[in-house]
Amino acid sequence: MKESQQKIRLYFPIYIVVIIIYVIAGIIEPRFFTWNNNVNLFTRITPLILAGMAQTFVILTGGIDLSIGSIIGLTNVIAASLPYINTPLNIILWFLIPPIVGFGVGVINGYFISKKELPPLIVTLATSAIWLGVTLYIMPIPGGTVSLSVALTITGRLFNVIPVPLLIIISSVLIGHSVLGKTEFGRSLYAIGGNELIAYESGIPCEKYKILVYGVSGLLGSFAGMFLSGWMFSADPIIGEPYVLNSIAVAVIAGTALSGGKGGVVGIIGGAYIFYLLNNILNLLGITAFYQYIAKGLVLIIALVISSPDASKILQNFKNKVLYSKNKELGEIGRD
Amino acid sequence: MNLNTNTSTKEIVLKMEGIKKSFPGTLAVDDVNFICKKGEVHGLVGENGAGKSTLMKILGGIHIQDKGNIIINSEEKRFNNYADARESGVGIVYQELSLLPDLSVAENIFMGIWAKKKRFIDWDEIKRKSKNILDKINIKLDPEEIVGPLPVALKQMVEIAKVLTQNPEIIIFDEPTSALSREEVDRLFKIIKKLKENNKAIIFISHRLKEVLEISDVITVMKDGKVVITREKEYFDEDKLILSMVGREFSQIFPDKATKIKEDKIFSLRSFSEKYKTEVKFSVHKGEVLGIGGLQGQGQFELLQSIFGLGSKMDTKIIISGRHFIPKNPTKAIKEGISLIPEDRNTEGIFLILSILHNIAAATVDKRKNIGLIEMKKEKQEVRDIVRNLSIKIVSHNQIASSLSGGNLQKLVLAKWLLAKPKVMVMLEPTKGVDVGTKQQIYKLIRELADQGVAIIIYTSEMIELIGICDRVLVMNQGFLTANLSGNEITEEKIMKASVSNINILEEAKE
Chain A
316 MKESQQKIRL YFPIYIVVII IYVIAGIIEP RFFTWNNNVN LFTRITPLIL
366 AGMAQTFVIL TGGIDLSIGS IIGLTNVIAA SLPYINTPLN IILWFLIPPI
416 VGFGVGVING YFISKKELPP LIVTLATSAI WLGVTLYIMP IPGGTVSLSV
466 ALTITGRLFN VIPVPLLIII SSVLIGHSVL GKTEFGRSLY AIGGNELIAY
516 ESGIPCEKYK ILVYGVSGLL GSFAGMFLSG WMFSADPIIG EPYVLNSIAV
566 AVIAGTALSG GKGGVVGIIG GAYIFYLLNN ILNLLGITAF YQYIAKGLVL
616 IIALVISSPD ASKILQNFKN KVLYSKNKEL GEIGRD
Chain B
199 MNLNTNTSTK EIVLKMEGIK KSFPGTLAVD DVNFICKKGE VHGLVGENGA
249 GKSTLMKILG GIHIQDKGNI IINSEEKRFN NYADARESGV GIVYQELSLL
299 PDLSVAENIF MGIWAKKKRF IDWDEIKRKS KNILDKINIK LDPEEIVGPL
349 PVALKQMVEI AKVLTQNPEI IIFDEPTSAL SREEVDRLFK IIKKLKENNK
399 AIIFISHRLK EVLEISDVIT VMKDGKVVIT REKEYFDEDK LILSMVGREF
449 SQIFPDKATK IKEDKIFSLR SFSEKYKTEV KFSVHKGEVL GIGGLQGQGQ
499 FELLQSIFGL GSKMDTKIII SGRHFIPKNP TKAIKEGISL IPEDRNTEGI
549 FLILSILHNI AAATVDKRKN IGLIEMKKEK QEVRDIVRNL SIKIVSHNQI
599 ASSLSGGNLQ KLVLAKWLLA KPKVMVMLEP TKGVDVGTKQ QIYKLIRELA
649 DQGVAIIIYT SEMIELIGIC DRVLVMNQGF LTANLSGNEI TEEKIMKASV
699 SNINILEEAK E
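Taken in sequence, the protein lines are chains A and B.
Taking the working numbering, I'd label the letters of the first sequence as residues 316 to 651.
Taking the working numbering, I'd label the letters of the second sequence as residues 199 to 709.
Just to be clear, a hint being listed does not mean it is correct.
The list that follows gives simulated cross-link-like pairs (lysine-lysine, DSSO-like), each with its CA atoms no further than 30 angstroms apart [what the hints assert, rightly or not]:
{"#": "1", "chain 1": "B", "residue 1": "408", "chain 2": "B", "residue 2": "275"}
{"#": "2", "chain 1": "B", "residue 1": "218", "chain 2": "B", "residue 2": "484"}
{"#": "3", "chain 1": "B", "residue 1": "408", "chain 2": "A", "residue 2": "497"}
{"#": "4", "chain 1": "B", "residue 1": "567", "chain 2": "A", "residue 2": "430"}
{"#": "5", "chain 1": "B", "residue 1": "235", "chain 2": "B", "residue 2": "408"}
{"#": "6", "chain 1": "B", "residue 1": "575", "chain 2": "A", "residue 2": "523"}
Listing some non-contacts, in silico: residues in chain A with all C-beta distances to chain B over 10 angstroms [unchecked claim]:
{"#": "7", "residue": "330"}
{"#": "8", "residue": "347"}
{"#": "9", "residue": "399"}
{"#": "10", "residue": "412"}
{"#": "11", "residue": "415"}
{"#": "12", "residue": "451"}
{"#": "13", "residue": "460"}
{"#": "14", "residue": "530"}
{"#": "15", "residue": "581"}
Derived contacts from chain B toward chain A, CB cut-off under 10 angstroms, selection only [as the list claims (entries may be wrong)]:
{"#": "16", "residue": "549"}
{"#": "17", "residue": "550"}
{"#": "18", "residue": "561"}
{"#": "19", "residue": "567"}
{"#": "20", "residue": "571"}
In short, the hints are calculated from the structure, not lab data.
Note that the Cβ used here is the ideal one computed from N, Cα and C, for glycine as well.
When you get a sec, could you build the whole thing from the sequences and use the hints?
Here it is in structure tokens:
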């Protein structure tokens, strides 16, 4: 009971921000509330949610993954370069090869970070460059294609009603949430980020899990890359770049501390929503690009301030001050 | 309370009235009245978590009280931060020294209040002033010396000098003696007495009751956020102080020792030290509490850590319940049934930013897995049980660990390792920095564990603990064993003698 209350309090502010932006958007442009516009939004935020989850897992250990963009690009290109004729074998390959590549590439990051004790920031920056090079070698300009039935399934609707992206979003966040809370792996991520020495002395196989977490990050990145190829029906070698910093921003807005050990994935949907709702409104309003950037930056800062743990402290201080002045008044009245 | 009956004529400088402060889950200070007079040393004692630090932090402007008034020189004050408090004449000499190690003595003393000449800092003036202040408290120290390499005692003097630059009327000493030797304490006391002659009001906080009795004029005892008693020091002796602090007398603090040690050796060790080029061999019986004594830094730490697979300077081989085993890392050691309570709980024992549940469960997550998922219900139940058994004071198991007090944190470390159900438990300084009440609980717990058949190996630098709780004591000097004492042989005299002895009892036995 208490636990769920605490979590609600933690994720409450961010969803408030989402609802506020959402309602404002609807007032400005009633079309915003239509189901079609919303389905469109689900599709847009899916890759960012996957990338944000990848980043959250890594940040929880106190690390960071700057190569997530290149991994998205690489797997995006691979997914659109595989044979696309609709045969069972081709479809199986399409679902198998990009995740294997993504996981493998992530494990390479993990190997250098964990076994060689190199700083994650530099390792992933370096591998990011390498995989971008490889991606551009495979596909220098946007192109390729994917199986039509796969593409239609990924962005389609289940039983003609429920949008598949929504299913992907909800199931991945649910799975991510229970992995973090209910598995030894997830639990260990918090411990490693909390204090790696104590984690080691508590018998947690830190080396193994640190390699694994970058593998998982790569895996989630590959899902984002595959989704993008299905959605766009083709590939773009540099499609992943914006996801590098956006995924970090989303993770932090969702309440994950950059220093590690604190956070989770429940706020991710809200974080990703804030990003795209804003784009959506500003586009609907027909505002030019440079104002859009400025507005986006401002709203990000506001979202961060509201969702940061300090916000509740500031609120508490405010309450205390009000209470103090009240007490004083009461005291003076009492003296009379 | 008694304060009103105090007939001394000294002038009251500080009055704290009805101070109340709560943190999420705990009422740290509950309706406390506290009065200080000029030219008086006011001792403040209490167990960890009794609220004395919080009270002083309120006086120092670090915490803001929820209720109550602070009156200095008949003027009501409200402190929002340290600077406010400093301006009103409150100075704090911190327990954790707040000096910058790479800067000079003079720079540290005048940090932030630089003397200036035409917009540039006037170093000569600062050095001269520093010298003056140091002279005032009779400390011979070159103001240009770098602070880092100075001994703790001198650093403390610099800290005091730094506080004196503000010319405070009320000076708080928060555990100033915990890192000092006896002679250094005497020197500190001389300074305190001098400050007292200069009509300063001094608040002296310490766990060392003898020193509190020695230096204070008035003593206040706090317990559970409330003032238990405030009386002139003549009223108290050590036993009376402890009695009002915890409601128990000191002599009852240790539990009875084992009546009979079982015969089965559950654990044997053979270890070669690369540093000392010496070998150590010993075994522990089931249900035995073995103490490792000796002067500090004679290889005891390295030896005991190597049992758990930490450090690399020892070549250690172990036989545990008949199985040969070389401890390579903690994961393997835990699997063999070994646990280690580290010395420094803040850096090695507790995940300060994680919840109590996560902390207690950290070492045993793999024991509660069912098809890859942690059994949450079982975990919560086990954590709840152990929290109750150890009477750890918490509000919820989702509470963040850093919100607990020192004694409760140490119990948290114990709880974590008790869940692992070890066969051998290694403890390094298990009662470091905890109050008398918690110490007693820990001693009792150690004995209960031993009675359940766990072999316990303890390193402690406190002689009284070796004598009070251990069934057998091994003394180490320069990496080898110089004595193996049991029963009535465990006396202060024999342990001291062995600590400086050069006879390796293992070699002696061979010859």
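If any of the earlier hints don't hold here, list their numbers in rising order. Structure breaks hints 1, 2, 3.
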